[in-house]
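Letter by letter, the chains look like this.
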Amino acid sequence: GENVEQHPSTLSVQEGDSAVIKCTYSDSASNYFPWYKQELGKRPQLIIDIRSNVGEKKDQRIAVTLNKTAKHFSLHITETQPEDSAVYFCAASLASGGSYIPTFGRGTSLIVHP
Amino acid sequence: GAVVSQHPSRVICKSGTSVKIECRSLDFQATTMFWYRQFPKQSLMLMATSNEGSKATYEQGVEKDKFLINHASLTLSTLTVTSAHPEDSSFYICSAGTGAGYGYTFGSGTRLTVV
Chain A
1 GENVEQHPST LSVQEGDSAV IKCTYSDSAS NYFPWYKQEL GKRPQLIIDI RSNVGEKKDQ
61 RIAVTLNKTA KHFSLHITET QPEDSAVYFC AASLASGGSY IPTFGRGTSL IVHP
Chain B
115 GAVVSQHPSR VICKSGTSVK IECRSLDFQA TTMFWYRQFP KQSLMLMATS NEGSKATYEQ
175 GVEKDKFLIN HASLTLSTLT VTSAHPEDSS FYICSAGTGA GYGYTFGSGT RLTVV
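Chains as they are written, first to last, in the numbering used here: chain A, 1 to 114; chain B, 115 to 229.
Bound-form chain A, shown alone:
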């Protein structure tokens, strides 16, 4: 089955700095890669996703890059703010016919210091 590795487990940055979280996956057939943000005690929220036919996707301060050859994808957050502090999970999955089961990374605890 799919195996997703996520690094780092903890990331501490100063407000305004950039943050990068990296994930690798094992199954070359995986074609859908969502990223979730989970605040303490709350549900994970989808913040951005990318499909395997795209190398990069950006949404305001958040961007995701995908390298299919190397089987890794990354989340980039620019101009970080204290409200960005949360646990971020990457996931990899094979999406087929509208159905997919994501395999999650272990999560990265992002701390943004004001």
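In case anyone wonders, no lab produced these hints; they're calculated from the structure.
Backbone N, C-alpha and C fix where the C-beta goes; we use that ideal spot for every residue, glycine too.
Errors might be hidden in some of the hints.
What the hints assert, rightly or not - Computed cross-link-like contacts, DSS-like style, restricted to lysine-lysine with a CA-CA straight-line distance of at most 30 Å: (1) B:Lys128 / B:Lys180; (2) A:Lys57 / A:Lys71; (3) A:Lys58 / B:Lys178; (4) B:Lys155 / A:Lys71; (5) B:Lys180 / A:Lys58; (6) A:Lys22 / A:Lys68; (7) A:Lys68 / A:Lys37; (8) B:Lys155 / A:Lys22; (9) A:Lys42 / B:Lys134; (10) B:Lys155 / A:Lys37; (11) B:Lys155 / B:Lys180; (12) A:Lys42 / A:Lys58; (13) A:Lys22 / A:Lys71; (14) A:Lys71 / A:Lys58; (15) B:Lys155 / B:Lys178; (16) B:Lys155 / A:Lys68; (17) B:Lys134 / A:Lys37; (18) B:Lys169 / A:Lys42; (19) B:Lys178 / A:Lys42; (20) B:Lys180 / A:Lys42; (21) B:Lys128 / A:Lys42; (22) A:Lys57 / B:Lys155; (23) B:Lys134 / B:Lys169; (24) A:Lys22 / A:Lys57; (25) A:Lys57 / A:Lys68.
As the list claims (entries may be wrong) - Chain B regions said to be covered by chain A (calculated; three or more residues, Cβ under 8 Å): (26) 144-158; (27) 220-228.
What the hints assert, rightly or not - Part of the chain A face toward chain B, derived, beta carbon under 8 Å: (28) Gly16; (29) Gly105; (30) Arg106.
Starting from the known structure of chain A, fit chain B onto it as the hints suggest.
Relative to the frame of chain A, chain B by itself:
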């Protein structure tokens, strides 16, 4: 947008009793629902996948008779933790999707404490 309601948000039960957790899709029909378990500071571990009207598919290592999943309608799936023990204490969370596209929405989660 798609809304998934999960209840209860917190429950404390005695060892040996059963607890039922409900996951409802409020504004869409959920053909597939996933149940996850999350330990503190850890990732989401898939327990089972349920499709409306059929038996749930459990992940390896998850006891079917202990974690009963019912997906009887397109808007409701339930997870029942039977004969709960302290080691079952955890954060349980569902996610639901329509099968159209890749979007799945998470419920708000249930914090189960078995004493």
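For Lys155 of chain B and Lys22 of chain A, compute the direct alpha-carbon distance and say whether it is at most 30 Å. holds (18 Å)
Hey, Lys71 of chain A versus Lys58 of chain A, does the alpha-carbon distance stay inside 30 Å? holds (19 Å)
Check whether the Cα positions of Lys128 of chain B and Lys180 of chain B lie no farther apart than 30 Å. holds (15 Å)
Next pair to validate is Lys68 of chain A with Lys37 of chain A; report whether the Cα-Cα distance is within 30 Å. holds (23 Å)
Under the criterion that the straight-line Cα-Cα distance not exceed 30 Å, is the pair Lys57 of chain A, Lys71 of chain A satisfied? holds (16 Å)
With the threshold set at 30 Å, check whether the alpha-carbon distance from Lys134 of chain B to Lys169 of chain B stays at or below it. Within the cut-off at roughly 17 Å; holds.
Restraint check for Lys134 of chain B with Lys37 of chain A, where alpha carbons must lie at most 30 Å apart: This hinted pair holds, its Cα atoms lying about 27 Å apart.
Is Lys180 of chain B within 30 Å of Lys58 of chain A, Cα to Cα? violated (43 Å)
Against the 30 Å threshold, does the CA-CA distance of Lys128 of chain B and Lys42 of chain A hold or violate the hint? Since the Cα atoms of Lys128 of chain B and Lys42 of chain A sit roughly 25 Å apart, the hinted pair holds (cutoff 30 Å).
Please verify whether Lys169 of chain B and Lys42 of chain A have alpha carbons no more than 30 Å apart. Satisfied, since the Cα-Cα distance of roughly 28 Å is no more than 30 Å.
CA of Lys42 of chain A to CA of Lys58 of chain A, is that 30 Å or under? holds (25 Å)
Pair hint Lys155 of chain B and Lys178 of chain B, alpha-carbon separation not exceeding 30 Å: Holds, at about 25 Å.
Violated hints, listed in ascending order, are 3, 5, 28; each of the other numbered hints is respected by the structure.
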